[in-house]
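Visitor: Residues per chain are reported as follows:
There are 2 protein chains.
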Amino acid sequence: MKISLGARTLVYPTPVFCVGTYDAEGKPNAMAVAWGGVCCSKPPCVAISLRKATYTYGSLVESKAFTVSVPSRDHVVAADYFGIASGRDVDKFAAAGLTPARSDLVDAPYVAEFPLVLECKVVHVAELGLHTLFVGEILDVKIEEDCLDAEGKPSADLVRPFTWAPGDNLYYALGEKLGRGFTVGKALQEEKE
Amino acid sequence: MKISLGARTLVYPTPVFCVGTYDAEGKPNAMAVAWGGVCCSKPPCVAISLRKATYTYGSLVESKAFTVSVPSRDHVVAADYFGIASGRDVDKFAAAGLTPARSDLVDAPYVAEFPLVLECKVVHVAELGLHTLFVGEILDVKIEEDCLDAEGKPSADLVRPFTWAPGDNLYYALGEKLGRGFTVGKALQEEKE
Numbered sequence: 027m028k029i030s031l032g033a034r035t036l037v038y039p040t041p042v043f044c045v046g047t048y049d050a051e052g053k054p055n056a057m058a059v060a061w062g063g064v065c066c067s068k069p070p071c072v073a074i075s076l077r078k079a080t081y082t083y084g085s086l087v088e089s090k091a092f093t094v095s096v097p098s099r100d101h102v103v104a105a106d107y108f109g110i111a112s113g114r115d116v117d118k119f120a121a122a123g124l125t126p127a128r129s130d131l132v133d134a135p136y137v138a139e140f141p142l143v144l145e146c147k148v149v150h151v152a153e154l155g156l157h158t159l160f161v162g163e164i165l166d167v168k169i170e171e172d173c174l175d176a177e178g179k180p181s182a183d184l185v186r187p188f189t190w191a192p193g194d195n196l197y198y199a200l201g202e203k204l205g206r207g208f209t210v211g212k213a214l215q216e217e218k219e
Numbered sequence: 027m028k029i030s031l032g033a034r035t036l037v038y039p040t041p042v043f044c045v046g047t048y049d050a051e052g053k054p055n056a057m058a059v060a061w062g063g064v065c066c067s068k069p070p071c072v073a074i075s076l077r078k079a080t081y082t083y084g085s086l087v088e089s090k091a092f093t094v095s096v097p098s099r100d101h102v103v104a105a106d107y108f109g110i111a112s113g114r115d116v117d118k119f120a121a122a123g124l125t126p127a128r129s130d131l132v133d134a135p136y137v138a139e140f141p142l143v144l145e146c147k148v149v150h151v152a153e154l155g156l157h158t159l160f161v162g163e164i165l166d167v168k169i170e171e172d173c174l175d176a177e178g179k180p181s182a183d184l185v186r187p188f189t190w191a192p193g194d195n196l197y198y199a200l201g202e203k204l205g206r207g208f209t210v211g212k213a214l215q216e217e218k219e
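Residue numbers (my numbering), protein chains in the order written: chain A, 27 to 219; chain B, 27 to 219.
Source of the hints: derived by calculation from the structure; they are not laboratory data. Since the model is a prediction, treat every value here as computed from it, not as a measurement. Keep in mind that a hint or two might mislead.
Computed list of lysine-lysine pairs in PhoX-like fashion (alpha-carbon distance at most 20 Å, straight line) [claimed, not checked]: (1) A:78 - A:53; (2) A:68 - B:78; (3) B:68 - A:203; (4) B:203 - A:28; (5) B:28 - A:179; (6) B:68 - A:78.
What follows is a set of in silico ranges between Cβ atoms, one per label pair, in the way DEER data are often shown [said to hold, decoys possible]: (7) B:68 - A:179: 36 to 42 Å; (8) B:209 - A:79: 17 to 23 Å; (9) B:171 - A:184: 36 to 42 Å; (10) B:183 - A:68: 35 to 41 Å.
Where is the CB? At the ideal position from N, CA and C, for every residue including glycine.
Bound conformation, chain A alone (with noise of 0.2 Å):
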């Protein structure tokens, strides 16, 4: 039996995206979204969400350009630090102990430290009331070597990263393996049809 909760935004799982910018003074930010995810395949492009009283939204219209750096679970400190403190009165970089690097193909900095990064222009906005939604095409993926396998792929068993369940207020690992995509449901298809 289902209940009602209204109009609201739950819905799991939810990213741990830190954003980064520079501002018009040069100085990075970064910032933790739960509002976004891929948006298309080609071009590859992801979608994040910002409040436009977000110091990284005023820094983001100005540049046209911003990463998305995927902490891993030893970061999950830093990340939730990233949403909570504002880029507009102090260096979050500086006070998460983290390094800010610089795109080499984007005006936006990134988190050193972080396992996976993607470097982003903006080639759609939308208003859409408190937030605006900005995509970006993903110039560029790069990924810490230590996480690629055997066989030089990327793992998510090796980023290690986790998510965020609006409705408990939780970061929450990855867990156990359900199986691989575009394949446990085959035996339904050869089954049932």
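Please build the complex by placing chain B on the supplied structure of chain A, with the hints as guidance.
Guide: Frame of chain A, contents of chain B only:
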């Protein structure tokens, strides 16, 4: 040391959203998408991206409505099947042995057996390339009663959602709890600022 993987859609975590629509004849359909996420808090909105070639695309353009049914880990086979088969060729609900429930708010069906459902009307469309991004305003969220905790709040532990990792092409359950959002980072804020 980071290495470049080129322009691609590698990021963690991505969701497994089962998008429900009716086709022109009123046949219910569901399609699994990993390209999506929340994109606005007020009004609450969720984005999903579809290739024009999918059967769901045509249905959604006509109806301007969709649902997002979030599968529990018990439904990983059915959810994967929803991402493999096409509603053009088959009744996917029937093949998966699942029940299409008519939304009372929008012209779209949801998966009755899945624990969490969002009912959405399309408020923005963006052509990005291979994919079209649809922003849906969330008119209501419905959840199974037994997915509420003792205080009546939605619990990810009880919904038991899962995520898809693009690099490995694996489904992962949620695992260990790593801390509370907007909380674990406060220590760093007090310590370093």
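Visitor: A separate judgement is required for each hint: does it hold in the structure or not?
Guide: A quick look at each hint next to the structure:
no., hint, result
1, A:78 - A:53, "holds, 19 Å"
2, A:68 - B:78, "holds, 13 Å"
3, B:68 - A:203, "violated, 35 Å"
4, B:203 - A:28, "violated, 26 Å"
5, B:28 - A:179, "holds, 14 Å"
6, B:68 - A:78, "holds, 13 Å"
7, B:68 - A:179: 36 to 42 Å, "holds, 40 Å"
8, B:209 - A:79: 17 to 23 Å, "holds, 21 Å"
9, B:171 - A:184: 36 to 42 Å, "holds, 39 Å"
10, B:183 - A:68: 35 to 41 Å, "holds, 37 Å"
Hint compliance for this structure: hints 3 and 4 are broken, all remaining hints hold.
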